[in-house]
Every structure is written in structure tokens, then in C-alpha cells.
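Visitor: Protein sequences appear in the order of chains A and B.
For the first sequence, counting from 1, position 117 maps to 117 in our numbering; every step adds exactly one.
For the second sequence, counting from 1, position 12 maps to 168 in our numbering; every step adds exactly one.
In case anyone wonders, no lab produced these hints; they're calculated from the structure.
Careful: at least some of the hints might be erroneous.
Some chain B residues close to chain A (C-beta under 8 angstroms, calculated; not the full set) [what the hints assert, rightly or not]:
no., residue
1, LYS245
2, ASP279
3, THR287
Computed from a predicted model, the values in this text were never measured in an experiment.
All C-beta atoms, glycine included, are put in the ideal place defined by N, C-alpha and C.
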Amino acid sequence: MYISYTDWEYYFSTTKVDLPFKYKEKNYLFTRNIGEYCLLNENSETVLTDKSVESLWNKSFFENKSFREVFINEEIFIDPYYELTLLNSWGREIEFTYKNQQYIFANTTDGCGLIGGLVDTKYYKTPQESWNNAKINGISFYDLYKNGEVQIDFIL
Amino acid sequence: MKSIKVIKIITSFVLLFGFLISISKVSAAEQNLSAEPIAEPNYTPPQKEGPGGGTPSANMTIAKSFSSAMGGGMRAPSNASKVASSLPKTWDKANTSVDLIVEGKVKQRRYYGSDKAAKQDIDYFHPDNGTHVFPHRHN
């Protein structure tokens, strides 16, 4: 995980987050429905639910371990690419290095875009569009990231 | 008859004088009580007020200094530095500025408000295509 548990806790309590993650090879989704925080399993069945995110965190999730414990100990797996896009959508800028050149997924007054290196920056309305269309030397950022060719330096 | 009247007058003066002396003694005793608090069993001191502790007026001063520092892009009186890849979204202490240090330089200064949540960032450098002015702010 790129950000700490306390950051996640902050975002969960202030933002509507759909966070898919894996725990012991099973898929789960942390989400918020009308006024309630829910943890759903891969069959979309409710595993945990509570009106308060604090209470939900402390509920027993697996073998008497609370959801908070498994989260803090980073026993859950969150897709790092998804995490980065989520962070960018919350206004945080992602700085990375690719082939000794520095780049940033920035949020500017012109919009959201990939800046740096020899990239001809195009600005989009949403970070998601910016991430989907980001290319360096004709290769999509997604492919570069999945192939481990990109090093994430800073989450600003 | 005259001597009886004189005796009565003297007696009433004496009584009045005694009365005035007793009043002044009680008043002095009350003043002493209010000056020295009495220790009570299981006495608990009053809880500190305000989100960051301290009195409301002290908190107001801290908040003012913090706002002034943030407005001018300066370090807040309560400031910390961190060598890391990111600064957290919340900080343990309210009205604090925290510097993200990279290679000995301040890359980002983040201001945490009275609720301890990130309020504003100042970015000092990051990759750019000539469209950014440094330093610049983000809310």
C-alpha cells in the first residue's frame, strides 16, 4: 500500500470509497451504501455492516481479527495501480521515474494530465481519463506500470 | 439622670465598636479562603479546553499564528520535517506545518488545520512542462 492506514481511515470517513481488495485469496469490496458502510464478499453478500466506519473497523472480520487489524498489518491486498488512480482522483499527485526521466500525474487548473519528460501533455476533466490515456513513447502507462518499468517516487 | 444617659451612650459606642471589629475579622477570613483553594479528596483538575489543549484564548493565538504562517507560506510555530515519499493526510498535532524533505530541500510543505487534517500544500518543485509556477499551492 502506498499510503498509511490512517490515511485510508481518513478517506473512508470523508469520501465515498469503493475499495476492492483481496484477503486470503478471496475478493472483497469495501463500500458505502446509503448511510451505511459495508464489506461485501465476492458473491456480493454482506460480511460486515455498520453506520459508523469506526465501529465497522473494529468488528470481527476473520478468525477474531478485526478488519482494522488485517488492514493495519497489510494482510489485505489492494491493487496498487487502482490505489494510485484513487489517490489521484482525491487530488493527490503521483510522481514517478521512467528511464531516468521524472513525470507527474498532476491536477492543474487546466485539468488532469501526465507531465514530464518529452510527453506532450493532454489535459482531461477527470484523473481516470488522464490515467487511461497516458502514454510515454507510445506505450500506455498501464503497461509500463504492470511491467515494473516505472518507479513511484512521491505521492504529493 | 445625666450620668445614666452618659453611661448608656458610652455603652452603645462600645457595643458598636465591637460589632465593627467582628465584621472586619469575618471579611478578612473570607478573603483568606478565596485566596487559598482547599484541597479536596479525589480532586481532579479541570480539563483543558479546546481541540489542541490549552485555554480557548491560547488556542485562538495558536490558530492565528498558524493562519498567518500559512498565508505567508512560512513554517507554522509548530513545525516538523519528514524524509519520506509522501506526507500523511492527517497529523497528530493540530495547527502544524510539516515539510517533506528530498535531498536536503523542502519539496512540499503541508499545513494541518485545527481538525488535524491536511488543509493546504505548497509544492516547491516537481516535474514540469513549463506550465507551473513554483512554489504553488493546492487545497
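Visitor: Can the hint on B:THR287 be confirmed by a CB-to-CB distance to chain A that is less than 8 angstroms?
Guide: 7 angstroms, holds
Visitor: For the hint on B:ASP279, just tell me whether its beta-carbon gets within less than 8 angstroms of chain A.
Guide: This hint holds: B:ASP279 lies near chain A, its Cβ roughly 6 angstroms from the closest one there, short of 8 angstroms.
Visitor: At a threshold of 8 angstroms, is the proposed contact between B:LYS245 and chain A supported by beta-carbon distances?
Guide: 4 angstroms, holds
Of the hints listed earlier, there is not a single one the structure fails to meet.
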